[in-house]
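If you read the protein sequences in the order shown, they are chains A and B.
Numbering follows the working numbering, in which position 49 of the first sequence is assigned residue number 49; successive positions increment by one, without gaps.
Numbering follows the working numbering, in which position 247 of the second sequence is assigned residue number 247; successive positions increment by one, without gaps.
Quick caveat, the hints were computed from the structure, so don't treat them as lab data.
Hints should not be assumed to be uniformly reliable.
To be verified - Calculated lysine to any residue pairs in the SDA-like style (CA-CA distance at most 25 Å, straight line): (1) Lys14/A x Asp54/A; (2) Lys2/B x His94/A; (3) Lys14/A x Gly228/B; (4) Lys2/B x Arg150/A; (5) Lys14/A x Lys2/B; (6) Lys2/B x Asn105/A; (7) Lys14/A x Asn296/B; (8) Lys350/B x Lys2/B.
No experiment lies behind these values; they were computed from the predicted model shown.
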Amino acid sequence: MEAVIKVSRLIQAKGRRLVLNGIDFQVMPGECFGVFGTRGAGKTSLLHILAGIDGFRSGEVTVLGCNVRNNEGFKASLGLVTQARSLFLDLTAHENLDFFAALKNAPRSRIDPVSRSLALEEYLDAPAGSLDAGLFQRLSLACALLNAPRVLIADELIKDIDLNSRQILLNALGNFLSGGGSCVWGFSDIGSCHHMNRVGWLEEGLLNALSPEQAAHEWEHRLLQVETTGSGRDEDHA
Amino acid sequence: MKTMLRRYLAIMRHEVLTLWHDTGLRHIMLWASLLGLCLFLLVYRAQTITAIPTAVLDLDHSSTSRQLVEQIANTENLDLAASVNSFDDLKSLINAGRVIAGVVIPENYGRDLSLGHQTRILAIIDASNMIYATNASSAFLTISRTISAQAGISTLVASGVQFNDAQDAYQTVDFQEEPWFNPALNYAYFLVLALALNMWQQCCTLAACMTVAGETGRNSWLQIRATGISRWSFFSGKALVQLAAFFLMALPVFLLNFLVSKSPLQCGFPVMLLFTLTFALALQALGTMMSSLARNPVDASRLGMIIALPSFVLSGYTWPIEAMPHWLQSVVWVLPQTWFFQGFNYLAFKNPGWGFISRYFLALLIIAGICYGVAAIAVSQGNHGARGAES
Chain A
1 MEAVIKVSRL
11 IQAKGRRLVL
21 NGIDFQVMPG
31 ECFGVFGTRG
41 AGKTSLLHIL
51 AGIDGFRSGE
61 VTVLGCNVRN
71 NEGFKASLGL
81 VTQARSLFLD
91 LTAHENLDFF
101 AALKNAPRSR
111 IDPVSRSLAL
121 EEYLDAPAGS
131 LDAGLFQRLS
141 LACALLNAPR
151 VLIADELIKD
161 IDLNSRQILL
171 NALGNFLSGG
181 GSCVWGFSDI
191 GSCHHMNRVG
201 WLEEGLLNAL
211 SPEQAAHEWE
221 HRLLQVETTG
231 SGRDEDHA
Chain B
1 MKTMLRRYLA
11 IMRHEVLTLW
21 HDTGLRHIML
31 WASLLGLCLF
41 LLVYRAQTIT
51 AIPTAVLDLD
61 HSSTSRQLVE
71 QIANTENLDL
81 AASVNSFDDL
91 KSLINAGRVI
101 AGVVIPENYG
111 RDLSLGHQTR
121 ILAIIDASNM
131 IYATNASSAF
141 LTISRTISAQ
151 AGISTLVASG
161 VQFNDAQDAY
171 QTVDFQEEPW
181 FNPALNYAYF
191 LVLALALNMW
201 QQCCTLAACM
211 TVAGETGRNS
221 WLQIRATGIS
231 RWSFFSGKAL
241 VQLAAFFLMA
251 LPVFLLNFLV
261 SKSPLQCGFP
271 VMLLFTLTFA
281 LALQALGTMM
291 SSLARNPVDA
301 SRLGMIIALP
311 SFVLSGYTWP
321 IEAMPHWLQS
331 VVWVLPQTWF
341 FQGFNYLAFK
351 NPGWGFISRY
361 FLALLIIAGI
371 CYGVAAIAVS
381 QGNHGARGAE
391 S
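The shape of chain A in the complex, shown without the other chains:
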């Protein structure tokens, strides 16, 4: 089975700071690959590169067989949920779905089932900007799934939202993965790592692939270290 995402020696800088310093990883079909890191670790930078939004300094990134530097063909099979509110806030939920369906060349008939799967029927006439965090994230995922993508890039999918929305989003994600889709999920709450197959721990520009259990254990270990020594790794970040 061939990987849907291949990243090798990826380097990205913001100003003089190396955000990603030669990272390598692959994502297989049907896999949910988590990218874990604290604030400023470079998760969003990495996800934006994978989505073909931002360029990068060096390395090679292939998504669905397309080199993202010069081939945007993969975008037809891509879904994106960003951490920032990236839908059209002045349009209603339905207008957003309709617009994204057209942009992604998805049939209009997909709007109803996708809306249903994310329990959005009651909110279709509401302006996207007026939706609370959980509903907005459900609408974001609905827009991302309209074109039945093979790859889903999601940044902080369930952070700081209500439990009902969280469950709806996890169910929809589960259905997507069981249908053969792959997901790269950026997150900063270690408690979410159980929903993933593997976790890439992103720190100081480097990515270390772990199992969810290992990631959770590493987090616990770090916490314990901070509590016992009374200091963290601030000196490393300085």
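Chain A is fixed; fit chain B onto it per the hints.
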């Protein structure tokens, strides 16, 4: 092809919805120019300046001087508002703004006139308001011509020349004024529509300044980028809707002005509308270019204001380009507003024919082409990425 068309139509629909959902922008685009036109029509309802308040200081108190005062009172453009007894009284009336013009008839005016001696009448004009001043000056010139002619004829008659011969002698050179294109020197015809169109072009320029920066400055740009749709398709779809909106905004202004207010339109509706559409294209292009060069929507608005606000004055509509400094005369032709307002004046008042006006169309199209070209380069090379929370 079908996919492209569907995307294109969706982008256009999205732009329509965006414009419509923005209540403030919608009201400004729908009503600003129209409201401006109505207000300007009210302001310039008189069409010409008449009844300029005038005071007379008659130091002669002769029947001849009383005749002159009567003549002043009967002049259409002057209104005899006060008769004063001293120069100081006249001065204080002008200072207080109660009269705009003052006439001082000297002592011995009647006697000097009957003896054929030169006499000097002082006409004082409050020049702090240029419009009043030029009109008062013009009215005094008319009176002065009449009085001079009458005095000359009387002198010739007194020296034994027959009245008819004397009259003929003074009419040897008949300097006839014949204002063309706007015979009544109607301010409303000249200014009202131009001022309303100035408001319109300012709204259009500022709206067009959001074409690129308004999208790339929002987080939704991330989604647009992730769909893989080309920037050209996206921005050209938006531009097309804006162009249509700009044109539709101008229509009621033209209809009200030409059909209801009956302002002159020598070139006919189709040519004027075509010219306005061409200008709207140039404005959209100019706004898009500035938008593509701006770092964010706020900068784009600032750039738009820098161009839109002074462009009407620079266009030479109210102050001739030929009277501007030489270096500025060349610079102002870079702006599409200059080509439009100059061409608009020709079309409305003269209809100079296609051979003449075609270069105005061409200039606007060239400006549009250059601006879109620069915008295309800036968008393709620039880092138009939305801000996005980094984590």
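Hints versus structure:
{"no.": "1", "hint": "Lys14/A x Asp54/A", "result": "holds, 12 Å"}
{"no.": "2", "hint": "Lys2/B x His94/A", "result": "holds, 22 Å"}
{"no.": "3", "hint": "Lys14/A x Gly228/B", "result": "holds, 24 Å"}
{"no.": "4", "hint": "Lys2/B x Arg150/A", "result": "holds, 23 Å"}
{"no.": "5", "hint": "Lys14/A x Lys2/B", "result": "violated, 40 Å"}
{"no.": "6", "hint": "Lys2/B x Asn105/A", "result": "holds, 10 Å"}
{"no.": "7", "hint": "Lys14/A x Asn296/B", "result": "holds, 19 Å"}
{"no.": "8", "hint": "Lys350/B x Lys2/B", "result": "violated, 47 Å"}
The earlier numbered hints that this structure contradicts are 5, 8.
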